[in-house]
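First to last, the protein sequences are chains A and B. So that you can map any letter, position 186 of the first sequence is 222 in the working numbering, and since no number is skipped, the others follow by simple counting. So that you can map any letter, position 31 of the second sequence is 67 in the working numbering, and since no number is skipped, the others follow by simple counting.
Copies of one chain are not kept apart here, so a pair can be met inside one copy or by any two copies together.
Listed next, the in silico DSSO-like pairs over lysine-lysine satisfying Cα-Cα at most 30 Å (straight line): (1) K85 - K310; (2) K63 - K258; (3) K336 - K90; (4) K127 - K90; (5) K166 - K193; (6) K333 - K83; (7) K90 - K138; (8) K333 - K310; (9) K63 - K83; (10) K127 - K138; (11) K83 - K310; (12) K188 - K38.
Please keep in mind that the hints were generated in silico from the structure rather than gathered at the bench. A quick note: this is a predicted structure, and the numbers were derived from the prediction, not measured.
Number of protein chains: 2
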Amino acid sequence: MKLHILGCYSATPRAFTNPTAQVLEIKGHLFLIDCGEGTQVQLRRQKIKFSRIKHIFISHLHGDHFFGLPGLLSTFRLLGRDTEVHVYGPKGIKQAVTTMLKVGQAWTNYPLLFHELDSKESELVMEDEKVEVFTIPLIHRVYTNGYLFREKIGERKLDIDAVLNLNIDTCYYRNIKQGKDLVLDTGERIENERLTMDPPPTKSYAFCSDTAYNEAMIPLIKNVDLLYHESTFLEQHHDMATQTGHSTAIQAATIADKAGVGTLILGHYSTRYKDLELFRSEAHSVFDKVELAEDGKEFKI
Amino acid sequence: MKLHILGCYSATPRAFTNPTAQVLEIKGHLFLIDCGEGTQVQLRRQKIKFSRIKHIFISHLHGDHFFGLPGLLSTFRLLGRDTEVHVYGPKGIKQAVTTMLKVGQAWTNYPLLFHELDSKESELVMEDEKVEVFTIPLIHRVYTNGYLFREKIGERKLDIDAVLNLNIDTCYYRNIKQGKDLVLDTGERIENERLTMDPPPTKSYAFCSDTAYNEAMIPLIKNVDLLYHESTFLEQHHDMATQTGHSTAIQAATIADKAGVGTLILGHYSTRYKDLELFRSEAHSVFDKVELAEDGKEFKI
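Just chain A, same shape as in the assembly (with noise of 0.2 Å):
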């Protein structure tokens, strides 16, 4: 599991950073995470292949998570798609999107498929035999989910010295591979233990952004792997953040050190602070595992 981060800094445009956007890379997939104007440049730049992308999630309707969709969504039309893009969002994404297409006889010539949110409760919202993907409730001044991804439990992992010791034919392994009981000829039964060892174990991240501090959200992201969780604002900006619907650095390591998760990435900077460092500093208090999310940063797990 991979994490891009293409954009992390808040809504006021600056010359060199960019607004919300990440691609994570999980079993081959690649997700994208919500889609400040610019994503596609920073595709480029990161020589993330833009036909691998067939799944987006939009966190919210504000224009520094979602403004670089119809541009993507315009691209992949240039450049000749035909397979499927799945969009998850808030209600209100298809009608915004599709009229900024629409007004220019843009329309897409492959499938382009809204998924649109409005629960308030963490719900399934897209899965395959690898992953699964649930809303996050978050609490903003617009309806807004984070997204949690996790891996599904893979095949148990073959216990190559004992299969060739018993002499089994390959043909057999797949069965095995799935947690079956092997029968030979003889009408022997050998158990699945003695031929195999536990699956690795699974990977999940959380992706909280935009949201005030928010504990009903820790039950859902209890023991993550990897946490990013907005920090607009620094401590001295306290009442700003609950004003404005945003969390602190501190706010985002007490969800991270309750949620016991394993890393807590830091991100959505006001551009207001020239030294991040001091969030780094200030969610050290509380918790010990803080990344900074940087434009171009990744993170593996």
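Since the structure of chain A is provided, determine the placement of chain B on it from the hints.
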């Protein structure tokens, strides 16, 4: 008069180029012409003050010419703007842009006035005491206008030696500069030509993108000082230009030549070409004064 090129590439995104956007500076006005994705970041890089932009002219509703508009208008709000913004563009622009803003409950707190265009004839769309702006109907795949910016003829220039010699009171200067004769207390009439000189010559700029080769624009842009004319393709892709409603460098130069313009600026390059000098050399075969647009470049008239 000064032209800032913010972006001059066609639609396919690249890591370090920008789609169409320009700022034209005339007599203290800043006019934004087209607003591709990323325009607000380009404005920051060029250190152009957002608050000075009051009029925005959009040629057509393909994404690479207007997908930066919702972000820019949102930013005006974030920056606390309270003065009017006027947007001129094809019918449909209001619905598209306002839908993008309204789904995020991010409507403006300043007056935002749309002037939707649908005429196929050139028309005067904006006028004040210093400048007139006319549409230039273009031929493209969707309804498209270029824009002609023309300084108005200013006041006559006071001949300081003459007025001092005649001992004329300064309270008459205003009338004299406006071309009026002076009648002395003695009843003697002094003709204006004895007191003034011709005003400085006016400047004009024509923006023509995107368009197929279109001789109908020639009378509209006759003798302009500066013409930006798109040249998406080189001659080897002449047929592709015709098919997609674009021009080649030679076609742009032919228009410049027939209209007798001062200088031709080429731009809207297809990203398939590595060497932009080829555009200049092809255009040179028809017309002498050719410049190449580049992101971040400034042209003075």
